[in-house]
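Visitor: Protein chains in written order, with numbering that gives the first Met the number 0: chain A, 0 to 324; chain B, 0 to 361; chain C, 0 to 395.
Keep in mind that the hints were calculated from the coordinates and are not lab data. Please read all numbers here as calculations on a predicted model, not as lab measurements. There could be a bad hint or two in this list.
[Said to hold, decoys possible] Pair by pair, the computed Cβ-Cβ distance ranges are: (1) A:P56 / B:A203: 20 to 26 Å; (2) B:Q351 / A:D306: 46 to 52 Å; (3) C:M201 / A:R319: 30 to 36 Å; (4) B:P122 / A:D221: 56 to 62 Å; (5) A:P191 / B:Q351: 44 to 50 Å; (6) B:G121 / A:G42: 52 to 58 Å; (7) A:E2 / B:S204: 25 to 31 Å.
Even glycine gets a Cβ: it sits at the ideal position worked out from N, Cα and C.
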Amino acid sequence: MAEMTLIDAVTTALAWELEHDPRVVVLGEDVGVNGGVFRATAGLQARFGADRVQDTPLAEGMIAGVAIGMAAQGMIPIPEIQFMGFIYPTVDQMINHAGRLRNRTRGRMSCPMVLRAPFGGGIHAPEHHSESTEALFAHMPGIRVVIPSSPARAYGLLLAAIRDPDPVVFLEPKRIYRLNKQNVEDNGKALPLDVCYTLRQGSDITLVTWGAMTFETLKAADQLARSNISCEVIDLATISPIDYETILESVEKTGRLVIVHEAARTCGVGAEIAAIVAEKGLYDLNAPIRRVTGYDVVMPLFRREMDYMPSVSKIVDAVRETLQD
Amino acid sequence: METIADFEIQYSQFLDPSGKPSADIPDFARDSGTLVEMYRHMVRTRVFDNKAINLQRTGKLGTYASCLGHEATHVGLAAAMHKDDVLAPSYREYGAMLYRGVRMSEILLYWGGDERGSDFEGPKHDFPFCVPIATQCLHAAGAAMAFQLRGEPRCAVSVNGDGGTSEGAFYEAMNIAGARKLPVVFIVVNNKWAISVPIELQTASKTLAQKAVAAGIPGIQVDGNDAIAVRHWVERALARARKGQGPTLVEAVTYRLSDHTTADDASRYRKKGEVDEARRLEPLIRLRQYLTDLGAWDATREKELLQAVAEDVDAEVQRYLNMPKQPIEAMFDYMYRELPEFLEEQRDHATQYGDSNGGHHG
Amino acid sequence: MITFNLPDLGEGLPEAEIVSWHVSEGDTVKTDDPLLSVETAKAVVEVPSPYSGVIARLHAQAGDIVATGAALVDFAEAGSVARQPKGSPEPEATMPEKEDAATVVGNVPTGGGLLQETAIAGGGRRRKGGRVKATPSVRTEARRLGVDLADVPATGKNGQVTSGDLARYQNTVAKPRPAHTSPTPGRSEALRGPRRAMAQSMTQHRNEVALCTIFDDADIHEWIMKRDFTARILRATAAGCSRAPALNGFFNAQSMSHQQESRVDIALAVDTDDGLIVPVIRHVEEMTLDQIRDEVARMKKATLDRTVAPQDMVNYTITVSNFGMLAGRYATPLMVPPTVAILGTGKLQHDVVAVMGGIEVHRRIPLSLSFDHRCITGGEACRFLAAVIDDLEKPQ
Chain A
0 MAEMTLIDAV TTALAWELEH DPRVVVLGED VGVNGGVFRA TAGLQARFGA DRVQDTPLAE
60 GMIAGVAIGM AAQGMIPIPE IQFMGFIYPT VDQMINHAGR LRNRTRGRMS CPMVLRAPFG
120 GGIHAPEHHS ESTEALFAHM PGIRVVIPSS PARAYGLLLA AIRDPDPVVF LEPKRIYRLN
180 KQNVEDNGKA LPLDVCYTLR QGSDITLVTW GAMTFETLKA ADQLARSNIS CEVIDLATIS
240 PIDYETILES VEKTGRLVIV HEAARTCGVG AEIAAIVAEK GLYDLNAPIR RVTGYDVVMP
300 LFRREMDYMP SVSKIVDAVR ETLQD
Chain B
0 METIADFEIQ YSQFLDPSGK PSADIPDFAR DSGTLVEMYR HMVRTRVFDN KAINLQRTGK
60 LGTYASCLGH EATHVGLAAA MHKDDVLAPS YREYGAMLYR GVRMSEILLY WGGDERGSDF
120 EGPKHDFPFC VPIATQCLHA AGAAMAFQLR GEPRCAVSVN GDGGTSEGAF YEAMNIAGAR
180 KLPVVFIVVN NKWAISVPIE LQTASKTLAQ KAVAAGIPGI QVDGNDAIAV RHWVERALAR
240 ARKGQGPTLV EAVTYRLSDH TTADDASRYR KKGEVDEARR LEPLIRLRQY LTDLGAWDAT
300 REKELLQAVA EDVDAEVQRY LNMPKQPIEA MFDYMYRELP EFLEEQRDHA TQYGDSNGGH
360 HG
Chain C
0 MITFNLPDLG EGLPEAEIVS WHVSEGDTVK TDDPLLSVET AKAVVEVPSP YSGVIARLHA
60 QAGDIVATGA ALVDFAEAGS VARQPKGSPE PEATMPEKED AATVVGNVPT GGGLLQETAI
120 AGGGRRRKGG RVKATPSVRT EARRLGVDLA DVPATGKNGQ VTSGDLARYQ NTVAKPRPAH
180 TSPTPGRSEA LRGPRRAMAQ SMTQHRNEVA LCTIFDDADI HEWIMKRDFT ARILRATAAG
240 CSRAPALNGF FNAQSMSHQQ ESRVDIALAV DTDDGLIVPV IRHVEEMTLD QIRDEVARMK
300 KATLDRTVAP QDMVNYTITV SNFGMLAGRY ATPLMVPPTV AILGTGKLQH DVVAVMGGIE
360 VHRRIPLSLS FDHRCITGGE ACRFLAAVID DLEKPQ
């Protein structure tokens, strides 16, 4: 058992898989000697060599495409994209190939790979470094999207993603990369994918969130608890496919739902969750579903980035409004 | 000022359009049996291609991209490859795929709207057709990286057209392959047209082979209508790659004698005279003439070959036409290794509607 | 004097070790001159001077571990023109080392402490039939009406309470939920609780019922017990039901069916601050006057205490309203569908009556009987009222 931050947990999980599965290769810009711009791969090249932990040329589409080629030929590549803002050249490869390869070859080929990227705002970064566009990948059939929100889940879910026989986009909330430490046992045990994690049980209202927003949401739940409002907080964890049974079970209990995400509202993953609950949980609802999200604007530069994002008070207000409905 | 880097691009041809040797014939081609075998594959490809167009024209096949005129390049590159090398084709390399063991009925299934067309009985490790232009170059690089990391003496070969050389992925693939000396050969089938855009509007480069220069890898231009040249230079490139000396770009200059696809009408954008001229240069004429001049081929053998190939093609067409549609649930069953629960629900929904839910004829 | 505190070196380390100082107390430094070397987990980093001035005090020595944010250097004469520092930078050909911020952009926040959490992996299965199922619109309506949906019999798909279920329930129930607010003058306030229920049921009444009211008086001059008013009214109502059973029951407008009840369950309207509350006295037809009196007393107390149970306010067959406690002799009281009759009693008066050709003053109860003329005939209503009067006029 060791105390580790979320990014330590990423590094530890990568090391475990590099150690135990010779098919695993980490590749990306600056992942080698430099250990990644956020140090997610720190020390891995020294430990596993420059073949297993490769610095690549600077071309994200290339990184994804090469990874797909490797995956199709029996390797398990773990490409890193430095920032979500630079992930878009991979979209062609991910949607046209990674998500389709198994299907279009009727299972003759598959694409076990994990495309890692830090995402989200709140670190005072320059332009293009703060977006949350997980919904782009959640919309791609055949691709899993996984977002951890604690060191323990970063470790367990990344192991699971690497071992998953299909492509996974693993997005790491960089604002909480080093925020907290947690006791995590480096035992190679994966956590289940495709399920939510209930971080707090409650009876009055269900709050669904993911990534760094779990912190704001849990704080809001604490604050509301002082007013005797009992919030159930669910970390979505696997953004696609969504474990809607857990959400519906919670909504059945509470009758109320607030969805919190950093990404812009329109066509965000929150819209999908709201739609699922409307389709399958309408008769359990006591009040309209509310979303607390980023605005449908270009992510402001960092002097205003926190005003863009959901905050504890925005969440608390949404919960109170929902309880009054 | 001084010149710190310079380049030159070689061009190679062994058989001229009339079938006369224009250079010393390489060793492998001194065995007429080898050339006859290549010729058989080229004829087979052409007969198949012609049949596929006819199937499309008679409503038995969807849109089809003909490979007319590309036979020498296709067969030449495939003949150069080892069986356990990996081919990453675009969507027109039937000659190469057939040579490597893909069934005609599989190619027809693909263009006939059935995913099983990409589930080759063999070669199992080859990449399927690739429609997004030049993206397969990266897959070849990735495959080569896998071979390199595992220390396997295998190579990857990607094939894209002249149009694909404008794509970033084409350059990106050469670039990383060069940087890491990956065992991969990039083949550009320069058939002069990216649908309706002629090569002059695609690039200011005199050759496409010189696109290799920026990636720091060798590039060569060969006569893509000369099967001997294609095979020879791809063999050389593969040998080089297998020895750990890195990738090569081979530009095979040919001509797209057909429309871009059966849905296209090339007469809208190119002159008939140009096509007629190109037809004179096409690859079967010269190889047949060369073999005839060697005494290794004659009209009887030609007739027998056409007869045998026609039977072969007909049998595969029948196999294709007799293949029932996949069950509806097949669209779900290969999305993930294990079907996620949310898809089970959609799968049930789709199957409830059965075949009655519109759709068109296979 | 300015104090320079050990900055957050970007990795969220709570502390750092001082490797060496490049300045001494008394030295004059310029902004960006090398100040000291600090070791983080990843690198030894150079910390430059943030100010120009004279070093007044070094708060720590080489080898010391200093907490992030703790005082490091005091500068005297900060901002003044500085001379060359005594210590020169280490002769490095490379770029000066920086702290490892573990990012190439921005700062990754640190120092949130040790995370304790319980995370229960999902894969939930919904229970079936746990909570009441209803659409949000039905829930909203139920909230407005003050109805607990758990009390409403559900007939919808998957056991959900439909709007029809709620309406049916609503038609036979008065609402218990007290609303303690009184309207603010000059401001529009949404009706709540019993008042909203009243608005609804009266609207329904107006839309549906063919109302007819007949008026008469009962002379209670002969009464022995003068103060047994409510019990007597109830007994008289039961007598009316006995004589004209048509008034004791329900009319279903949709099926155009009229249902007579043998039980006489009388809803007794009670005025409270929150509006009208209508508890039900059941099986009055089987009760003695004493029993009725006791039951009324019990129910009134419960009503005023607001402890009356919901089931004691539903499913009645006829209504009695004693509207005339303060003023008003006659009225056209409105029944709540699907019931078909309501008997109103006005303010007791001493009336001049003609008795045997003479004039006497008697106490009389003004009676107003409303009935739904869709299913009740005038004759039935008159027989009913006559029976009520007969019973009321008995001495006891």
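Visitor: Does each hint hold? Answer for all of them.
Guide: Quick rundown of the hints versus the structure:
| no. | hint | in the structure |
| --- | --- | --- |
| 1 | A:P56 / B:A203: 20 to 26 Å | holds, 24 Å |
| 2 | B:Q351 / A:D306: 46 to 52 Å | holds, 49 Å |
| 3 | C:M201 / A:R319: 30 to 36 Å | holds, 34 Å |
| 4 | B:P122 / A:D221: 56 to 62 Å | holds, 60 Å |
| 5 | A:P191 / B:Q351: 44 to 50 Å | violated, 30 Å |
| 6 | B:G121 / A:G42: 52 to 58 Å | violated, 43 Å |
| 7 | A:E2 / B:S204: 25 to 31 Å | violated, 57 Å |
In summary, the numbered hints that this structure violates are 5, 6, 7.
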